[in-house]
Structure formats: structure tokens, C-alpha cells
Amino acid sequence: MANKVKHHREPLVRIVKRDSMPVAKAILIRAIAIALSLVVCAVVIYAITKMNPLKVYATMFEGAFGSKRRIWMLVRDTMMMLCIGVALAPAFKMRFWNIGAEGQVLMGGIATAACMIYLGDVLPTPVLFAVMVITSCVCGAVWGMIPAIFKSRFNTNETLFTLMMNYVAIQITAYCVSIWENPYGSNTVGIINPQTKAGWFPALFGEQYMINVFIVAALTIAMFFYLRSSKHGYEISVVGESENTARYAGINVSKVFVRTMIISGAVAGLAGFIAVSGVSHTISTDTAGGRGFTAIIVAWLAKFNTFTMVLISVLIIFLEKGAIEIASKFQLSEYASKIITGIILFFILGSEFFINYKLIIGKKGAK
Amino acid sequence: METKTAIRLSHVTKTFGPVVANNDVSLEIRHGEILSLLGENGSGKTTLMNMLSGIYYPDSGTIYVNDEEVTISSPKDAFDCGIGMIHQHFKLVDVFSAAENVILGIDEKCSSKEAEERITDICRKYGFDIDPKQKVYEMSVSQKQTLEIIKVLYRGANILILDEPTAVLTPQETDKLFDIIKNMRDDGKSVIIITHKLHEVLRISDRVSILRRGEYVGTVETKDATALSLTEMMVGKKVELNIDRPEPVDPKLRLEIRNLTVKNSEGFNVLDNVNFDIYSGEILGIAGISGCGQKELLESIAGLQMTAPGSSVMYTAPDADEPVQLLGKNPRQIKNMGISLSFVPEDRLGMGLVGSMGMTDNMMLKSYNEGRSFFTEKKAPKELAERIMQELEVITPGVNTPVRRLSGGNVQKVLVGREIAAGPKVLMTAYAVRGLDINTSYTIYRLLNEQKKAGVAVVYVGEDLDVLMELCDKILVLCGGKLNGIVDAKTSTKEEVGLLMTHLRTEQEEK
Numbered sequence: 001m002a003n004k005v006k007h008h009r010e011p012l013v014r015i016v017k018r019d020s021m022p023v024a025k026a027i028l029i030r031a032i033a034i035a036l037s038l039v040v041c042a043v044v045i046y047a048i049t050k051m052n053p054l055k056v057y058a059t060m061f062e063g064a065f066g067s068k069r070r071i072w073m074l075v076r077d078t079m080m081m082l083c084i085g086v087a088l089a090p091a092f093k094m095r096f097w098n099i100g101a102e103g104q105v106l107m108g109g110i111a112t113a114a115c116m117i118y119l120g121d122v123l124p125t126p127v128l129f130a131v132m133v134i135t136s137c138v139c140g141a142v143w144g145m146i147p148a149i150f151k152s153r154f155n156t157n158e159t160l161f162t163l164m165m166n167y168v169a170i171q172i173t174a175y176c177v178s179i180w181e182n183p184y185g186s187n188t189v190g191i192i193n194p195q196t197k198a199g200w201f202p203a204l205f206g207e208q209y210m211i212n213v214f215i216v217a218a219l220t221i222a223m224f225f226y227l228r229s230s231k232h233g234y235e236i237s238v239v240g241e242s243e244n245t246a247r248y249a250g251i252n253v254s255k256v257f258v259r260t261m262i263i264s265g266a267v268a269g270l271a272g273f274i275a276v277s278g279v280s281h282t283i284s285t286d287t288a289g290g291r292g293f294t295a296i297i298v299a300w301l302a303k304f305n306t307f308t309m310v311l312i313s314v315l316i317i318f319l320e321k322g323a324i325e326i327a328s329k330f331q332l333s334e335y336a337s338k339i340i341t342g343i344i345l346f347f348i349l350g351s352e353f354f355i356n357y358k359l360i361i362g363k364k365g366a367k
Numbered sequence: 001m002e003t004k005t006a007i008r009l010s011h012v013t014k015t016f017g018p019v020v021a022n023n024d025v026s027l028e029i030r031h032g033e034i035l036s037l038l039g040e041n042g043s044g045k046t047t048l049m050n051m052l053s054g055i056y057y058p059d060s061g062t063i064y065v066n067d068e069e070v071t072i073s074s075p076k077d078a079f080d081c082g083i084g085m086i087h088q089h090f091k092l093v094d095v096f097s098a099a100e101n102v103i104l105g106i107d108e109k110c111s112s113k114e115a116e117e118r119i120t121d122i123c124r125k126y127g128f129d130i131d132p133k134q135k136v137y138e139m140s141v142s143q144k145q146t147l148e149i150i151k152v153l154y155r156g157a158n159i160l161i162l163d164e165p166t167a168v169l170t171p172q173e174t175d176k177l178f179d180i181i182k183n184m185r186d187d188g189k190s191v192i193i194i195t196h197k198l199h200e201v202l203r204i205s206d207r208v209s210i211l212r213r214g215e216y217v218g219t220v221e222t223k224d225a226t227a228l229s230l231t232e233m234m235v236g237k238k239v240e241l242n243i244d245r246p247e248p249v250d251p252k253l254r255l256e257i258r259n260l261t262v263k264n265s266e267g268f269n270v271l272d273n274v275n276f277d278i279y280s281g282e283i284l285g286i287a288g289i290s291g292c293g294q295k296e297l298l299e300s301i302a303g304l305q306m307t308a309p310g311s312s313v314m315y316t317a318p319d320a321d322e323p324v325q326l327l328g329k330n331p332r333q334i335k336n337m338g339i340s341l342s343f344v345p346e347d348r349l350g351m352g353l354v355g356s357m358g359m360t361d362n363m364m365l366k367s368y369n370e371g372r373s374f375f376t377e378k379k380a381p382k383e384l385a386e387r388i389m390q391e392l393e394v395i396t397p398g399v400n401t402p403v404r405r406l407s408g409g410n411v412q413k414v415l416v417g418r419e420i421a422a423g424p425k426v427l428m429t430a431y432a433v434r435g436l437d438i439n440t441s442y443t444i445y446r447l448l449n450e451q452k453k454a455g456v457a458v459v460y461v462g463e464d465l466d467v468l469m470e471l472c473d474k475i476l477v478l479c480g481g482k483l484n485g486i487v488d489a490k491t492s493t494k495e496e497v498g499l500l501m502t503h504l505r506t507e508q509e510e511k
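Chains A and B, in that order, give the protein sequences. Residue numbers for the first sequence follow my numbering, beginning at 1 and rising by one. Residue numbers for the second sequence follow my numbering, beginning at 1 and rising by one.
Only chain B is shown next, with the shape it has when bound in the complex:
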């Protein structure tokens, strides 16, 4: 029985309180095609797909699978319709083997041997590379993702939805994944990829559907689209896609990191003897697969991380000759030494800001302690909050609205705004544009460049290699807690950085 469309969504609407996540969206997915669902963060891509996979239930509208109206009110219903979703955050049991994870939750009786055979069959068919007996905790991120895909294929899914599948992968792993996706398409399966990375959309998909602020904008054939035309549909206006990179002016040594080693609670070196320098007036990019020591590196410098003996972070002030040691001091002690070090941490609401407080109260997070009064002083923070709200166009009902209620981009503007307002000499940012829309991302790049021009030493930990290559002056690559190389961003290639991220160089290669 051949039908025209694999899935058809008709006038689907979903609201969360006053927020309209999807408004009257109609969309169709054909058999044997790869459809990219493109949109900025918060445009409702994931919500829409969650309605197909049975996690949310639409307020109104109808879903057709193979031209038949269906009701999907649980993930099980979705599987019955042949829809399988691979979420951004893996849902696997760490202590189980690959095969055990696959058969988990399936009612039918089946020996693990049969399961392993079937898994091996699936692997052979599509080109996966996985051992059914391997435990999940021994797997790399890309293997875990593969396992998630096998899991839905095992359940007989004909329509696969992948939510931001490449966010956690290196360029090489992405290539491999794309080959597999193409194999699945050639086998007649429909694949939907949720993403906001344009070049990947152009590379892999047959058609692109675009959402903007919960509304369906349109669908185009990929062969007729360009990065610029897609961006315009996504943002709704013309945008400039180039990131500035002004030449560094008079770079001076600001931070000297020597023998930096951090052990985790199991005594394992999460950072292993890292040595590098940070200069003023430059943006130093830090690349690496997530969890390779980026967090520990920044937190060590910021005074939030215990370091192993022998580690050293020396700071040289612009007007001083003698460097001072930063390690062994907490953030307040560093501040009291007169060193202005700003840090935009990865976990914005869990570390950088207090979610239940408004902008005003968040402005004084690092400065509330100034002055002798027993009571807090709120006038200056309020003025600062209002200034940031205006200059960075923060959208909020008021400076006292809990920042938790703001959208991701606005939360980040509040945090970056505060850190820059402190007039830093060193500005460290971790995944500063993660989850932000294009406009906000470019605002952040502009702010970082302004700081760079003002002679601030900027550290930019990022995950999008394209951005790192365009924005930064130098790129430091971490691999498994070790410094695996520092490259000049202007002359290096993405492939070179990708290779440094995955393959630890041996001593011989260095020579």
C-alpha cells in the first residue's frame, strides 16, 4: 500500500500557558525523504516533533499517518504508528548493555541472543558499528546516539525524528551519521532532522521546512535554497552572516597557565598538565568534545575549582610588572585583589544567575557585599538593570520579573551584560551562544569583539567550529583533558581542528 505522505500535520496548535509554541502548523513528510526542520531556538521545532512522538498532546489540529487520522497520546502510540524519535538527551540505562537497552520496554518475549542477532542485522543493513554486548557507560557520545537510532529501528520505526543530532558530534562523526541517514532514506524510511545549522541542512536534506516563532513559514527544495535564503526565512528579515574579526591591537600577556591539573572525585585527571597563555586584545577559542575539561579549565581560573599541587595561573595586570598567583583563591578574594575577571558560565541559571530573582537582584550578585551597610543597596543595581535592558534589548515585563521566566536569549543577555558592565580585564565565556537565536548570537559576537577591541583578554569556549574559526584569533583544542594543540584560526581548517578534537597526538607526531 503506497500512500502519498508518511505524516501529515494539519492545523496543529500547542500552547503552554500564555506561550504559543506552535500556531496552526501544517506540514507533510513524504516517504523516503530527508526533511530538515529548521528554525531558531524557541521556534517550536522540538515541541512539534514531541507531539509526533507522543510526549505532548496537541491543543487542536489533526495528525495523519499514511493518510489515516491518528491519535498519539503516548510514546507507545507513536511506536505503533512507526514513529521513533531520537532525543537530544539520550535516554539510556548506563549499566545495561546495548542489546539490553534496545529490548528494554518491549513487551514481547525475546531472548537476548535473538535480540543481539537482530541488532547485528540492523547494523549490517545501515552501516552501524556497534557491539551489542558493550555496556552503555563504556560508549562514546556518538556510539550512544547510534544505539538510540538502533533502538527505534528495532521497534520497526519507518519515520525517524532526530533532534539536533550533530550538536554533540565532531565533524568526522557527523559525516558518518549522515551516511547512515542517507542509507536509511534509500531504504524507504522518512527522516526528519531538527536543526539550526544551515550548512548541514544544505548538505543532507531533500526538503527544508521552516518554522518561525511557532508558525510555519514554508517548505523549500534544498537544491533551490542557499544559506542566506534559508536564514531570511528563519529570521524573517535580511541578516548579515559574517562575523567580524578585527586584528588584535598590542596583545599583552595577561594570564599564564602552567601545569594546570584537575582531578575529579575518582582521582582521574580531568585536566592534565595544561600549559598556555592568554593575551589581552585577543579572542582565544577553546574547542573540544564536550566534557574534555573545558568547564574545569575556566572554573580553575575563576577560583571555583580545586586544582592539583604544582598548578599555576599567574595574572599580570596591565599596569603591573609582577604577576600574581590566582589559584587557591575564591572569586571574592580574586575580586578583592583588584582583579576584574568576568566569567559567563555554561549553566546560566544554575551558576551565573539566580533564577527566582529579578534583573535588579541579579545585577548585585557579585557586588552586593560592597559598602559597610548591613542592608543591601538597590539603587545602582536597578539603574544598571535598566541600562542593560535598554542597550541589549532584553525582553522582560520588568526588572523585577524572575529571570527564570525570560527566554534563553534574554537570560544570556542579562548575564553577559552584567559581566561586561563589571569592566573586566579577562572575560571568559562558556558556550555563550548555546541555544540562542541568530540575532542574539550576533549580538553576543559583537559584544565580545567590542571587549577585544577594548583590550580585554577574551576566552571563548564554543562548540560550533564554524563560529570558532570565524570569531577567534587562536584556537586551543582540548582532547580528554589534555591540550592537544593551539592553531591559528585564520590559517587552520575545520578538519584540522576536528582531528585534534578526536585524536590525541602522540609524542612522535609532535616532533
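Chain A extracted, bound-state conformation:
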């Protein structure tokens, strides 16, 4: 019988879990991953377009950093992404799968737009802004709170619930757009208060998007310490790790669910406020534009550290801007540039595998 197995080969590659890795080495692995992804992209670019990949990369860089205006566009969009990422951090740290940032952002945006339309010329500016901030936070918070209440009461699945809440928010937005339509028949809201600029973020230090930066920076810092050093943050960590441990510690798990989702939703609502009041000055079903989903990648890649999120947001927006630039400059289909973004993200995510595991090839490689 044993003869049958004599000819089995030893396995070619074995996967072994690493214990831990020095930070420098982890950074090196990530750097190698990015370098490799650029090489693979170069091959793909050449294969599809027969263009010089270096030129394409230069164009990408140009698209993101080419001029002062472009840099500010990059900053503006990075701040949006970061803000939503910060909003998602507490929810995901609690292992509450909040796929509903899209809807929470939209609800905050609707509230802001409503304030601008109905109160823009009525209230003095500081009061108007206070009302906008509060209503957008409340609307986002309510949108985040509903799935949390259902989860803690009836143990509903929050992934599906938050996802479905997105569609409700999109329909509400569509309805509002039809009411606020301007000009009539255009099926868009158009720029709100184009003359008075009521409810628009004022320029600070001569820069239109400076206030966005300050608000998001404040949120980023505050969330970092909220998660790391506050009692609430501690509860979030415990609940995220194990609900049983949380109950054992006397933590009211339902309360933590609801409270954390109120905070998560409120910050997402605030992101909607920035999107409408600080960026587009209009509202449409595209106001969130899928960033509620992309921000999930931001939150997870940063392992809920809001400072790391800054870097990742910059990277993702840079790729986005670069892709658009090469698409327009080389008359590529936008999908071609999305392939490049996809390849780069794939390598970055894949590098996490090599940080957690190592491969041993053949038997002798064991030493």
C-alpha cells in the first residue's frame, strides 16, 4: 500500500503565517508592491495602446499635480474622500458593516441644499451655517441610526439594511431634485444661490477650499483621539472584537451600536454638507458619487487609523485624477484608465497578504 504514496512530490509552495514584521520591512513590501504594479501597468498600457508607459505615467502625474488649480482639485476631492473615511472608521472598527455612507452623505447634502434654498436669503450667514451643520448632521445621523436600532432590536443584517437605505436616500434625492428643479424642465437643481452665494463656503486665505481642509482636518484629529483614548472608543474596540466580551464587561452593546452609528452617520452627513455647501453648490443623485463605497477601502486599508487615511485618500484621488487625464489626453476609453487604477489597487491590497504570510518554496527553503 505504501508504494502508492512513495511517488508523491513534496508540495511546491507552502504558505506560512508570519508572527509580526518590523515596520520598515512592511513599508518596503508595500513599496515593492507599488513598483511592481507600475511595471505590470506599463506592460498592459503598451499591449493595449502601444504608447510609452513612462509618458502615460507622466501624464497621470500632470493630471493630478500639473498646476495650482489641479492641486487644489486634488485637495478638494481628497478631503471629501477622507471625510467619509473618517465617518466610516468608528462603524467598521465596531465591525458594523456600514455600506450606507452613500445614503448618509446624500441625506446630509439634501438637508444642506434645503437650508440654502429656503433659508439662504432669510437668515444671517453665521446662523445659516449653524443651521446647515446641525440639520445635515441630524439627517445623516438618523440615516445611520435606523439600521443600528433594527440591528440591536431585531438582529437584522446591517450590511443589507444600510445598503437598502442608500436606495431610499437616492429616491428622496431624486424627488427633491424634481421639486427644486431650476430652470424648470432641466431635471437638475442647478447652482443654488448663484448671485448671493448664500450658504457657500467663503474663501479663506484667498483659497476657495481652505475651509474644507480645516473642517476635515479637525474631524480627522478628533476621530483619531475619540477612537484611541476615549471611553467610547474603548467600548467600540471591545464590541468590535467580541460582543460576548462586551456583555461580560457590562457594556450595553445595543447602546454602543446606536451611539456609534449616530456618530458615523452624523460625520457622513457633514461630508454631504461639505459636498453641497463647500464644493458643488448643487444637489443631485450623484452628489455622493460612489465615494461612500470607495471610502470603505480607505477605512480598511488604514486599519481605522484616521491619519493613515490621509495618505490612502491622496493615493486613491491621485489615481482617479490621473486616470481621467490620460483618458482625455490620449483619447483612451475611460475604462482603460480604470484598468490601471484597478491594477494598482490590486497590488496594494495583495501586498497585505505578503505582510501577513510568507511563502516557502520547496522543502529546503525552510531554514
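Check before you lean on any hint, since a few could be wrong.
As the list claims (entries may be wrong) - No more than 30 Å apart at the CA atoms, straight line, and that leaves these computed lysine-lysine pairs for DSS-like:
#1 B:Lys91 with B:Lys176
#2 A:Lys231 with B:Lys329
#3 A:Lys255 with B:Lys329
Just so you know, these hints were derived from the structure itself, not from any lab.
Go by the hints and put chain B onto chain A.
Coordinates of chain B only, in the frame set by chain A:
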């Protein structure tokens, strides 16, 4: 063809990251013998056997079956070599019948009738008692284990490896299993038993091989060995094997449990009308086959379990006359009433501790909420963590290393250390020494005895009857959620407790 050895391992090494699970182990198993593989937890017994059964693949070293070099890289290879392993956690499909489970995964065509006949043959040959048509979910733990053994015999295994087979069995069931194992040996099969229970090793095996920290220490003939000599080989130094049992001093009623009933989600009574008292200065042991309501009992008292109406747990503080009701309150409410109740749950990393946090953060699990500040206070927890690390000799790179990375014994020291540091009046422990090495186990017994002497009411839910008999003052036996008797540990026998664990007394017997 008769060969000298059934299996020979030569210089086998296996590492997991920086952890060396087996280092240069050479070992042989003869035909027709029972070999015990003895070692403390974490000494690499299971890893070594998993390499024989094709679950792991050695980093280096060679395996010979019947003196021929083989490569075992999957469980199928292992079966081809005639090696079958019975794991500690059964791998059976609940909704299948015994026969269906046996033929599951076998390629050859075979009607269920033929299979049933062959199973019946195997049962007759070795003295198993099992109905091939019975569904697995209707089986007791010992029947499931029997089925696992039949499964590997059916596949023609000549070498059987049993991983901690008696851990889940009562003394009576253990006797039955040992008879079967002896039958198999007499039939010429080789049996390897992984265990850390010394008296069982001495009773059943022909030879004993000992591992310590992944290294092979040696093999002795069982007839030349004693419990003490084996322990010394296992631990590497002289140890005292007696557990202290100081006389209880001035026991006072602390907890009165009345009509305690807990229903599970199907409405079945997992605890059925349980009545007993817990006294200060005593260790009350709770024995029972696993899943007989031990978990629910402790969790009810700790405020983690919904109880049926009519249940009552009254707590009398040392300085109070009036008892207070504990049921209907959550752990924080109990704590806020000024009652210091410590609980070392069975699931250490899933309930007692947060695996991803370090010792410091785990120290504040129950106290983080104290004080008015919005932020957590980390100085006191850090000092406590350092103190526990020193006093209990916790081996960890630092107080901020995630406790998940620590070994089982160190995890338990962290948990027990924290619970004792809270200065409890009642200390409940569930399987406090499960998976711990001898030294750590004795540290835990010592800590419990210290608490007992300090007047704490200690509850010790255990599975090792020998320890229960030596450590506890009284032993309460649960059987199928019912209280089946409370015996005095000093005067009772293991057999008596074993019988109470398996046979529910009827009303008449009680009279």
C-alpha cells in the same frame, strides 16, 4: 511481510513562524502496541501527529511507514499508508446517519446496505456498540467518538491516532473505550494516544514517549514508570503532585440559588430548577459532562443569562443581613451595587479578554468606565498589568502585546490575575486549567486556595475528576441540566461522582 516498526519518524522538525512546534523529533511505533504520547499542552504532540495524518507537512525530516520512506502531504496519503487519526473535535455531519458518515468521502462505489454490514462486522469484532442507521445528532459524545474510530477502521487503518480521547468522557465511558483499544491492539493494530493524563497513560499503554517543548525527551516502558517519574520527564524538573485543601474557616452563606431555570432558544430547559447554596471560604466544585448546564449556571449568576420566571439568586454581603437579588441585572448593575463578583469564563479570548488588546487595555475591561473623564485612564491599568506580569510570571514581550499572541497558560494568568485583583467576594471559574501545563495549573490551584483562605466563595467548574476530588470541599453534579447530587469531596469516590454525571437519579432512589 512483517516489519519491525509500524511508523518511524526521523529528525522531524516543524515550525510556525518563530515558534518551533517540533524540533528534531525521532520516534517509533511498533506493530501491535499502544503508545502514549505524553507532554504538556504546547509540547507539540498534536502537531507531530498531524504530520502523520497529512494535515501539516514537516519542514524537514523523514517519515517511514513499515520501514519505507513515505511522503504524507494530505489526509488521503495518510489513509493510503494506513494511518487514521481521531481528532479531539469530531468531524462528522450531524444530519447524516452513522453509515453515511463512514462512507462519506470514499471513492469506491458501495451501497449503504453493504456499508452497514461492514460496519456491523467491525462493531462485532472490536466490541463497539452502535447502530449504523442512527443519525449523528442523536448520538452522545462517546457514541460520536466511537463512530470516528469506526470511520478510520472502515478505511483499513492499521495505525490509529487518538487525540485526547478521554477529555470528553466520563470514567465509565473511558473504561469502555480502553477495552476497545486493547481489543484493537490484540488484533495487531498500533494505537497512539495523545494525552496528558498520567493515570490513564499508566493504565493503558505499553510504552510512553514524552515530548517537552517540541523536543523528544525519551521513551519508557510503562511497567517501569510511575506518575512522578513521568511528570519529571514531562516538566523537566521535580514537581509536587499534591493539591492543598485547607479546612474551610468560618463558612458563611454567600449565594442562595433557588429554582434556577434557563431555557434555550428552542424552549428546552438547559437548567432545570436548580437549588443550592454557595458559602464563603469554600471551594464548590461543579462536575458534569460538558454541556449539562455549567455554562448557563455561571452566566446566570454573573448576569449574562436570561433566566425563567421564578428563578432566584440571592446574595448576602459579609456585613449585611438582608440578601439582595442578583437576577435581572447585568454585570455593570451588579458591580454598581457594590458586589464584587469575579468570573473566569470558559471562553477566555472570546469572553474574558479582548484578544487584540494588550494586557494594559485588558486590565480595564471591567473598570474603564470609572471616573468622570470622557477619556480612559491608563496609568492604574498599566501598573496592574505590570504587577500581574511579575507576580504570576506572565511571559509576554510587553504589556501592550496583544494577548492573543500569548500562550494559553499566559492568557489564563492574565485573566485570573485580573479577576482576583478586583478583590472578589465570589469567584467563579469555568474550566480554569483547561489546556494549561502542570506548573500553571498548580499556580491556578494555589491562587484559588489563597482566595478560599481569604474568605472568598470559590466556584470551580472542572472536567478532571481527580482534580475536583482533591481541590474542592463539596462537589455539585449536574446531569442534563438537573442537579443530580451534592457530595462531600473528602468522603466521596470518583466512581460515585461519575455515576451521578451519567445517571439521573429518579425520585425513588433519592428516598
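Against the structure, the hints:
1. B:Lys91 with B:Lys176: holds (21 Å)
2. A:Lys231 with B:Lys329: holds (22 Å)
3. A:Lys255 with B:Lys329: This hinted pair holds, its Cα atoms lying about 16 Å apart.
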